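As they're listed, the protein sequences go chains A and B. Taking our numbering, the leading residue of the first sequence gets 158, the next gets one more, and so forth. Taking our numbering, the leading residue of the second sequence gets 158, the next gets one more, and so forth.
FYI, nobody ran anything at the bench for these hints, they're computed from the structure. Since the model is a prediction, treat every value here as computed from it, not as a measurement. Certain hints may be false.
Copies of the same chain look alike in the list, so a pair counts if it fits in one copy or across any two.
[Claimed, not checked] Pairs of lysine to aspartate or glutamate residues, derived as EDC-like cross-links and limited to a Cα-Cα distance of at most 20 Å, are as follows:
(1) K1011 x D955
(2) K940 x E475
(3) K220 x E399
(4) K985 x E754
(5) K985 x E824
(6) K760 x E989
(7) K998 x E396
(8) K913 x E989
(9) K701 x E460
(10) K687 x E718
(11) K701 x E399
(12) K701 x D1051
(13) K760 x E396
(14) K757 x E396
Protein chains: 2
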Amino acid sequence: MAGTKFVYFFGGGSAEGNTSMKPLLGGKGANLAEMASIGIPVPPGFTISTEACKAYYDLSEEKLFELLRPEVETNLTRLEELTGKTFGKGPNPLLVSVRSGAAVSMPGMMDTVLNLGLNDETLEALAGLTGNRRFALDAYRRFIQMFGDVVMGIRAEDESGHEYNPLHRAMDEVKEKYGRGLDTDLTAEEMAEVVEACKATYKEYTGHDFPQDPKDQLWRGIAAVFGSWNNPRAVRYREINEIRNLIGTAVNVQTMVFGNMGADCGTGVAFTRHPGTGENRFFGEFLMNAQGEDVVAGIRTPEPIERLNDLLPEAYEELLGIRKRLEEHYRDMQDIEFTIEQKKLFMLQTRTGKRTGQAAVRIAVDMLAEGLITEPEALLRVPPNDLDQLLHPRFDPEAEKTVDVIAQGLPASPGAASGQVVFTAEEAEEWNARGEPVILCRIETSPEDVGGMHAAEGILTARGGMTSHAAVVARGWGKCCVAGAGGIAMDYGKGEFRAGDVVVKKGDWISLNGSTGAVYLGKLPTVDAKLTGPFGKLMELADKYRRLGVRTNSDTPQDTEVAVGFGAEGIGLTRTEHMFFEGDRIVSFRRLILVAEKVKEVKNRIAAVEDEKEAAAIREQNQDVLTQYNQALSELLPLQRQDFEGIFRALDGRPCTIRLLDPPLHEFLPHDEAGQQEMAETMEVPVETIRATVEALHEFNPMLGHRGCRLGLTYPEVSDMQVRAIIEAAVNVKRSGVDVEPEIMIPLVGKAEELKISRERAEQVIQKVFEEQSVDKDEIPYKIGTMIEIPRAAITADRIAEYAEFFSFGTNDLTQMGCGFSRDDAGKFLGEYVKMGIYEKDPFQVLDQEGVGKLVQMGVELGRKTCPNLKVGICGEHGGEPESVKFCHRIGLDYVSCSPYRVPIARLAAAQAVAEEKLGE
Amino acid sequence: MAGTKFVYFFGGGSAEGNTSMKPLLGGKGANLAEMASIGIPVPPGFTISTEACKAYYDLSEEKLFELLRPEVETNLTRLEELTGKTFGKGPNPLLVSVRSGAAVSMPGMMDTVLNLGLNDETLEALAGLTGNRRFALDAYRRFIQMFGDVVMGIRAEDESGHEYNPLHRAMDEVKEKYGRGLDTDLTAEEMAEVVEACKATYKEYTGHDFPQDPKDQLWRGIAAVFGSWNNPRAVRYREINEIRNLIGTAVNVQTMVFGNMGADCGTGVAFTRHPGTGENRFFGEFLMNAQGEDVVAGIRTPEPIERLNDLLPEAYEELLGIRKRLEEHYRDMQDIEFTIEQKKLFMLQTRTGKRTGQAAVRIAVDMLAEGLITEPEALLRVPPNDLDQLLHPRFDPEAEKTVDVIAQGLPASPGAASGQVVFTAEEAEEWNARGEPVILCRIETSPEDVGGMHAAEGILTARGGMTSHAAVVARGWGKCCVAGAGGIAMDYGKGEFRAGDVVVKKGDWISLNGSTGAVYLGKLPTVDAKLTGPFGKLMELADKYRRLGVRTNSDTPQDTEVAVGFGAEGIGLTRTEHMFFEGDRIVSFRRLILVAEKVKEVKNRIAAVEDEKEAAAIREQNQDVLTQYNQALSELLPLQRQDFEGIFRALDGRPCTIRLLDPPLHEFLPHDEAGQQEMAETMEVPVETIRATVEALHEFNPMLGHRGCRLGLTYPEVSDMQVRAIIEAAVNVKRSGVDVEPEIMIPLVGKAEELKISRERAEQVIQKVFEEQSVDKDEIPYKIGTMIEIPRAAITADRIAEYAEFFSFGTNDLTQMGCGFSRDDAGKFLGEYVKMGIYEKDPFQVLDQEGVGKLVQMGVELGRKTCPNLKVGICGEHGGEPESVKFCHRIGLDYVSCSPYRVPIARLAAAQAVAEEKLGE
C-alpha cells in the first residue's frame, strides 16, 4: 500500500489522469482530468482514487489517512498555487467541493459536500472578496447544512415518526419568523441568523462546535464520501442495477465556483443531444443564481437551455462550442454540468449521457451518418435490451384522443404505462410483489425511493425537471416517467392527489404517456410498435452484419405475424401443448388421458399373446376404452391440423419447428376439488375416476417425469396424430400455393434410441399420409430432429445426430437439469447465490456459459462430427438475451429463437457479436 | 438366404459343429457336436441352426421350409446310413427326438417331441425288433401325447375352468377302467387300448387322423419348436432372466435311444460337481426303465447316481470316465444327461452346470488348486452378484434347534427364507407386489409358474428331485428352495397343506432352510455370513488382483463393523442426515427448521445495516428466534460428535468420507395432519406454525431443490456445527490412540464458487477447533472434497478441483439429473424403456456407461488435469454393481464405495476387471 499513488491532480490545461482511468478515478474524476487536458475550462482540483476507497475498507480510516495525508497536502498546495487562493485563509480563500464518483455512474446515490473551507474567518473574507455578504452567508449555511447532514449524519424524527433534517428546520424557523416564503427572500441579516441557528443545532446534535479547521473539514468530508460507498441506499442501487466488481468510489476535491453569486451567475445541466428522443439538438436546463445541486434536486423548476442565449449570450456561445468539442472528442452524446460564475463558464462534469432506447437508436444511426462513428461502433452503441422500450406497445393514439388529460407534466422518460396509484415506495414494492401494476406518485423522488420506482410501471412526480432524480433514474431503466406535473397536488396523508377537479385515490387506475407528459384517468388500450425510421435503419445494419439466424417461438398465427413483422426468419419452437387447452379440445384430450393407462395395458396384453383369436378377445373385452381413446384422437386431429395450417400460412414459406407434446399428462387435469368436480360433470364420469387418474399421474419431480418423447413412446398414437396433423396441414397449405417447411421436433430425447424409435414411427406416418394424398416426398421438404435439453443428450450428441437433421437446444431445461435447479423452486436460494457471487446472473435469465454453455458447445461439436450439415439452434428463453445470443454466435449455432418481441433484440445482439469480432481484430 | 447352410450333422466320431458355435447351433446342439467330435458316445443327429429360426419369423414357415427341405433330406439320409436304420420303415425304424436348444439355456421353457417316426407300421417293426411290444406301444402313446400337446396344442378345460390335456385323460380313463395305479402297471393289451384312445382323442380334437407319414411328423415337429420360441412362457422367461439379443432356437433332430426298454435301461441327469455346495463329487440322479423327461419332470422320485454302480456297474464306470473327460475338456463343471439303452451308455447333453454362489466359489477355488484353470479364470468363474447368496444371513443355528421341523425335503437350493404361504404363482406375484414376502408351495412347479417363483422368497414342492424344475430354476436365481418334501400334502382347493398333524393355511408363516431341506412353522431369526473357506480364498485372490479400492457406505458403527469384516478399506459415504432422525435429535432439528428462514432474514437485515447500534437493535428484537436457532445447534453438536466418534473407532484408522447435510429441510417435517399435530404437541407450538413451515418449504421438484451445499450456504451455521462435530470427534478419537482420517464432503456442488465458499468457511471452523484444542494441523490429516452429482459439476470439474482434495461421484443423482429421470417416478416408463431396448438395463441399477459414465469420465479427467493427486471415488449404489465397478476400474477411479453386504461383490468385480484385461492381452 505504502508508495501507491492515490491522488491525481487536474487543472491549468493539464491533468495526471485521463478518461481511460475510470476504474481508478471514477467516471467524474477521469472525465474532469480528460476535459482539463484538452483545454476545456474546468475548476482545478484533484481526485483521490478508488484504490484509496478500497484501502479505507481493507485497512481502516486511520491507516489510510496516514498514507494519504502527504499526497493530499501536496495537492492542496498545488491547488493554492494554481488558483492563487488559500485554503482556510483570507483574503482570497480557497473553497472546495468534495464529491464522490465511481467508475459507473450512480446518480444521487452518494454524498457530496460543497463550500468546504468556509469558517467564521473565511466567511468574512468571501464576503469582502465578493462584496456580497448575503451570498457568503448563504454559502456558509449551505455548507453547515450539508456537512451536518452528510458528514455528521444529523437526523431527527417528528412526532409521527418521519425523519427530517434539523438543520433545515432551523432555517425554516427563521424563515417563518420573518415571514419569508423562499430562501432567496431572506436578507443578509436574516441569513446570518440562519447561520447561527444552524451552528447551534449542529452543536446540539453533535455535542461539538462546528469545526473551524478547514483541513479537519476536508478529512471528515473525504471519510464521509468513502463511508457513503457502502450505505444501504448505494448497496441497493448497485444490486438493482447489477453493478458489480467495483472497488469503491473516488473522491473529487475541486475548487468551488459559484453559480449563486448574483444575477450574472447560474448553473445548469445539459445533454449534447436529446436523451429521450435522440434528436440532434442541445438539450438542457439551467437556473440563474443557483448552486448546482438546486437543478438536480428538482426543487425549483429550471429554464430550458436556449434561454441562456438571451441572458448570457457569450457564455451560451462558449457552451455550444464546448458541446461540439466534447462530442467530437468523446464521439458520443455527453451529459454535462456547468456553472457560470460572474459570466465565466466552468465545466464541472461530462460523462456519456444516459438515454432511452429510442434515443440510443437515433443517436447511433445519426452519428454513423455524421461520420462520427463506424458501423460496428453504431451497432454496439445500442444495448440490445433497450430496444425493448421501442418494441412494446404505445397507447392507441385513437383511444388516447378520446380521453381527457387530467394533468400535464414533462415527458421525462418515454413509453406508456397504466397502473394503480400508490404514494410510497414501500407500497409500490408490496403491490408489485402481489402482481398488481402500480404508478408511483410522488411530489419528487429521492434516492430512498429507487426500490419502489423499480417496482412501478411508471413514475409521476409533481415537481422537478427533465433532469430531476425521477427523470434520470427512470430513463436509465427505460421506464415511463412524467415529471414536474405542476397541476397535481399530492396529499400523502389522505392517500390521494388532486388534478384540478379530479381526485385520484390510492388504488385508482391512471395512465402515463412518458413521450408527451400526459396523465390520464383509467387504463388505456395500446397498439404495437413498428420498425421504421432510425430503428429500421439500425435493424438493416444489424442484418448486414449478423451471421446468426433469428427465429421466433410462437404457437399462434397472430404471434407469428408479429414476429415476422419484427424480422423473424421462421419459427424455432411451436409448443403444441398450448393448443390442447383451447376450447373443447381439453375435453377430448382429458377423455384420452382418463383411459390412456388402461389402453396401454390392453395393448401390452395383446402384444403378449400369440394367438390372434385371443388378441381379438382382449380387444373385444376392452372395446369401450379403445373406442374412447381413438375417438379422442380423431377429434383432436382436425383441430391440430387447422392450428398448423394457420401457422404455416403466417410463415409464408419460412421453416417451422414444431415440438410434439411435451408436458406430463397431469398438467392437463385439474388438481383442485372444484375443477375436478366440474370436469366430472362435463365428462359425465364419477369424480373419483378423475381423482384417481390425477393421483395415478402424480409425480414427485414432474420436471424429470413422464413427459416429452417418453410420452410419445409410451402413447405413440398421440404422436402419430400430431405428426399426421402436421403433414396433412403441410400438404393442404402447399396445395393452396404457399411453401411449407415443417420440422418435426421430438422433445426430451436423452438417448439415441429414443429418437430412433420415435423417428421411425413418425416416418411411417408421414409415408402413409404421402401415399393417401398422392404427394411426392420432395414436395414437402420436412425434417425430423430433436430438442437437446437433457445433459445426457448433449454429451452423447454424436449418437443422437445419427437420427437427427436438426438440434434445438432447450436451454431452460438444460439449465434445470445441468445445474440441478428447479426453476419453480430455485428462487429460494438463487437470489442469495447471485448476491454471494456464486452465479453472476440468474442462469435462467442469462445463459450460464461456463456450465450449460459448455453442454451446448459439446452438443454442437459432437452433433456436427456425426452430421456436418446438422442445423443447430436454441429455443430456450436465452435465445432473446443479448449476452446469450452472442455466445450462440461464438459457438457456431445456426440460429436463435426467441419470443416475438425479442426478435429485434436478438438481431441486434447477433450483429454486435460480429461487430465485437471486427473491433477486436 | 438361399445358399445359407442351415443344418449341421453330428455323430460317428465327428461333427460339423463345435462348442464355439453356440449362437448358431444353440447350447445343446453345439455341445452335442463337440462331444461327438471328441469321441463321446452321442446318438447321432443333426442341428437346424438358430438362423433358420430367425428366417422362420422373418420369412414364413413355407418359404423357410422350401429352403430347408433339401438339407434336412440329405442329413436324414446320412443319419439312416450311419445308424443302419430307416426313417418311417421297418424292420429297423429310425426314430428321432426333436428338441429346442437356444444359445442360452432356458430349462423347460420350450417344447420337445420324442419318438418321432413312429406310426402304425414302425410300431410293429419296433415291437418286433425289441421283442417288447408293450415298450413299443408305450413309446407310441408317448409320441401321440407329446405330438398332440406340443405340435397340435390340444387342450381342454374342465367344468371349473382348469386346463387339462385330453390325451392324458384318455390314458387315465383306461388306467381307471383296469384299476391300474401307475403307468407301468398297464399291460401290453391295455397299452394298445391307450394308443387307440389317444388316436381317437387326437382325431376328436384335430379333426384328422394321427399323421402316419414320418416326414410330415418331422416338419410339423420342427415348426412347433420354432413356434415355441415366442410362446408367452418363453418370452416371459427371457424377460425375467434378462436374456436378450438371441435370434432364436436351434432344433436338434437326434436318433432316439431308449431308457425305457426294460430293466437294463435307464436315464439320468448329473452334475460333475455338486451344484449346491460345489463339492468335487459326482452328483446326479437316474431312473431305471424310464425316458429322459421322466427325471426332469419330477414325477417319479429318482435314485442317487451312486446306486447305478450297483445296478449297471459297467455303464457307471464309463460314466465316471466321461465325467472326467468332460471336465478336462470343458474346464468347468458340467450338467449332463444320459440314457442307457440295454446297457449301452449314450450322452444326450452336456452344458456348463448352473450352480449356487457357494458352489461357484468352491468350484473356482478347487479347479484353480487342481490346476484346471488359471487365477484370472478362477476369478471370472464367479458372477460377483452370486456372492450375495453367501453374504446374506442364514438362520440362527441356535434358534433353528429350538423349533420343530414340520417337513423335510431335498436341499434343492441353499439359503434361508421366511414368508407367508401361497399356493399359486398369481398369488405369489400379487402378494409380493404388496410387499408381503411369500413362500410359493406347489406339488410340483412347471414353467407356467416362473413369474410366481421369481416373486417368492422361497419355493417348497412336495414332489420332484434335485433336478426338478423347481430346483433348477431356483438355483439359477440363488433363491432358496426345498423340493420333494414328500411328507407334505398340498390341498389347493382348501388353500392349505398338511405336514403330519400340522395344517398350514394360506397366509401362515413358514421358513425354509434350502441348505438342509428343513421346513419350519413360523419365522426364524437369522445370523450373519462369514468370509471363510473357499470364499475367503477367493477374496484373497481378488485382493491380489484388484487395483480399485473398495469402501463402504455406512452411517453407523454397526454397519461399519460389518463392512470392515467384509473387507471395506474405509467409508466412502456417511450420510449425516439419517443421524438427525434418531431419538430427540429430530425435535432439536425441527426447532431449528421452524426458525431457520426467519433467522436468515434477520441475518440479512443485520448485514445490510451500516451501524452496529442498529444491528444490535435488530438482534435484540429477534432474540427469541436467534436463541432457538443457536440452542438447537448446540443440542445437536455433542450428539453428532458422538456419532462420528463411534464411526471413527469402528474404522480404526481407515479413511472416512462424511457428507454434510444433504436433503431438503422439508424431509425432516411431518407432511400428514396427524404427524403435524403430534409435532405441535411435542414442541408446544401451534400446529399452524408447522403447517405454514411445511408449506413454505414445499418444492415442486425437491430433487432439484434447496438441498446439499445450497442449504449449507444459506444456513452456514448448520454446516459449521457439523464440521465442528467431525473435527472434535476426530481430535477425541485420535487422543484415545486411534488414528483418524476424516474427509469432509460438501454435497451437490454445481459450481466451483459453491465449494470455494463452503470450503473457506469449513476451514475457519477447523482452524478454530484446532486452536481451541491446541492441536497441530498434521495430527488430524483431514481432507475437504465434494460430491460430483450434478452434470454441471462433472463438466466443470477442472474448476471445482481447484478447491477439492477428493471427488466422490454420486451416480444416483448424476443419473437422475444427467438422464432427466426422477428415481421416484421413472418406474412409469423405465420398465417399458428396457423392454423397448432403449436402455439395456435400468440405469439406476446398472450405471449408464455411455451417458452418465461419460460424465464421470469427464469429471475424472478434468479434475485430475487441475489436481493430479485428486482422490476419486464413487458412492452411488452403482458402486456395488459388478459391471459398474468394472467401468470404474477402466476409467481409473481410486475406489468404489457400496453398502456393506456388497463389499465382497465389489472386491471380486474389481479383480475381474483386472482379470479381463489380463485375459484380453
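Using 20 Å as the alpha-carbon threshold, which applies to K760 and E396: within, between, both, or neither?
Result: close only across copies, 18 Å inter versus 58 Å intra.
I want to check one pair: K998 and E396. Are their C-alpha atoms no more than 20 Å apart within a copy, between two copies, both, or neither?
Close inside one copy (11 Å), not across copies (49 Å); limit 20 Å.
Between copies, within a copy, both or neither: which fits K687 and E718 at Cα up to 20 Å?
Close inside one copy (13 Å), not across copies (75 Å); limit 20 Å.
Treating 20 Å as the Cα threshold, decide for K985 and E754: within, between, both or neither.
between (36 Å within a copy, 10 Å between copies)
Is it within, between, both, or neither for K913 and E989, if the alpha carbons may be no more than 20 Å apart?
Between copies only: 16 Å across chains, 42 Å inside a chain, cut-off 20 Å.
Measure nothing new, just compare the shortest in-copy and cross-copy C-alpha distances for K985 and E824 to 20 Å and report within, between, both or neither.
Classified as between: cross-chain Cα gap 16 Å, same-chain 23 Å, threshold 20 Å.
Status of E399 relative to K220 across identical chains (alpha carbons, at most 20 Å)
neither (31 Å within a copy, 76 Å between copies)
For K940 vs E475, is the C-alpha pair at or below 20 Å within one copy, between two copies, both, or neither?
neither (66 Å within a copy, 70 Å between copies)
Checking K701 and E460: alpha-carbon separation at most 20 Å within a copy, between copies, both or neither?
Classified as neither; 43 Å inside a copy, 93 Å across copies.
One pair to classify: K701 and E399, alpha carbons no more than 20 Å apart. Within, between, both, or neither?
For K701 and E399, the Cα distance exceeds 20 Å both inside one copy (32 Å) and across copies (59 Å).
Within, between, both or neither, where K701 and D1051 count as close if Cα-Cα is 20 Å or less:
within (16 Å within a copy, 55 Å between copies)
Cα distance capped at 20 Å. Does K757 pair with E396 within a copy, between copies, both, or neither?
between (53 Å within a copy, 19 Å between copies)
Checked against the numbered hints given earlier, this structure breaks hints 2, 3, 9, 11; the rest are met.
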